[in-house]
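Please work from the sequences and hints to get the whole structure.
Note that the working numbering numbers the first sequence so that position 36 is 592, with each residue one more than the last.
Note that these hints are calculated values from the structure, not bench results.
Each computed DSS-like pair below joins lysine-lysine, with the alpha-carbon atoms no more than 25 Å apart:
| no. | residue 1 | residue 2 |
| --- | --- | --- |
| 1 | Lys806 | Lys817 |
| 2 | Lys632 | Lys644 |
| 3 | Lys748 | Lys825 |
| 4 | Lys832 | Lys663 |
| 5 | Lys739 | Lys560 |
| 6 | Lys559 | Lys740 |
| 7 | Lys676 | Lys689 |
| 8 | Lys832 | Lys761 |
| 9 | Lys559 | Lys583 |
| 10 | Lys609 | Lys777 |
| 11 | Lys777 | Lys797 |
Simulated DEER-style distance windows between Cβ atoms:
| no. | residue 1 | residue 2 | range |
| --- | --- | --- | --- |
| 12 | Pro704 | Lys583 | 46 to 56 Å |
| 13 | Asn585 | Leu752 | 17 to 27 Å |
| 14 | Pro704 | Asp670 | 12 to 22 Å |
| 15 | Ser696 | Gln636 | 24 to 34 Å |
| 16 | Glu742 | Glu780 | 43 to 53 Å |
| 17 | Arg805 | Glu758 | 30 to 40 Å |
| 18 | Leu809 | Glu742 | 46 to 56 Å |
| 19 | Arg743 | Ser648 | 13 to 23 Å |
| 20 | Ser728 | Asn585 | 38 to 48 Å |
| 21 | Leu788 | Asp744 | 33 to 43 Å |
| 22 | Lys609 | Pro715 | 36 to 46 Å |
| 23 | Ala769 | Ser696 | 42 to 52 Å |
| 24 | Lys700 | Lys583 | 46 to 56 Å |
Note that the Cβ used here is the ideal one computed from N, Cα and C, for glycine as well.
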Amino acid sequence: MEKKTCIIISGATAVGKTLHGIELAQKYNTQIISADSRQCFRELNIGVAKPTKEQLKSVHHYFINSHSIHDDVNAKVFEQYAIKSVQKIFLSNDVAIMVGGTGLYIKAFCEGLDEVPPVKESIRKEISEAYKKYGLQWLSEKIKEQDPAYFFWGEIENPRRMMRALEVKLSSGKSILNFQSGKKVERDFNIKNINLEIPRDELYKRINQRVDAMMQDGLLKEAESLLPYRHLNPLQTVGYKELFEFLDRKISLDNAIEKIKMNTRHFAKRQITWFKGHMKLGN
RNA sequence: GGUCCUGUGGCCGAGUGGCUAGGCAGAGCUCUGCAAAAGCUUCCACAGCGGUUCGAAUCCGCUCGGGACCU
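Written as structure tokens, this is what we have:
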């Protein structure tokens, strides 16, 4: 039997992935799996540049509006969800399309993530609260004492990674390094990648225009309605966090809009760097 | 016309004779579980000219540009 194929369309925010993905899906008469860590939340709309209702009607999208901001969504959740979704698509199609800009999620889908024992919520909470209170110094001392191997090999200037290492150690008793094999899972389907790129200045122009359009579409109102949930991870999102600052009267509205544009550029740059280094398969 | 203050990189901002902050933006990068996250690296300066000094962004003079006040 011929192997099935998943075509992945990747690229920075605002390059035009959505449109290309839909065209391609229609050409193959198939469906799309979104690989976007924010568009999966049904409560987030204008600020995350979801496909329009019409677009969603014309091609079925997995992982869009599939979760709530109260759910725990991460790379592992995505991997499992996406694998299930392609399999479903492959039941009736030879080709599936994945569209998205969340590099880590795409990587998890392509290569798999190592099995790491689940971490108790209470431990995670404890660590992040202690870090908030005592800072990086405390964290790095704690790592040194609990997981000297990580202290030696790991990224000891990145609190996020250190906290992850610490939570794994504290809940499993083993260093996270024991679980990170770096082995890639072989999928039983072909993967082809199309990484979309346009000149930087053009991308930045599109970003600016899109932010203005979002504001016209009522992003401020949306942000306002999400204010009660601002502490949730899905709300740590460009376009919302800046408007929360405005609603706090910390910055002016113009200032907030400028910041959204700037932070979106930063985000896009990180995506470009990621895809440059990671998406060398296919195409 | 006079008196005084002031001039630091794209922006903000310390330094006030030798050790040439820092932040933001810009550029580059890292990446196996919060990733639209988190972190790392890096370019760019002392308004101009002259003087003092072993040595000046720092002291002196002049020029130019800002600002304040006086008649």
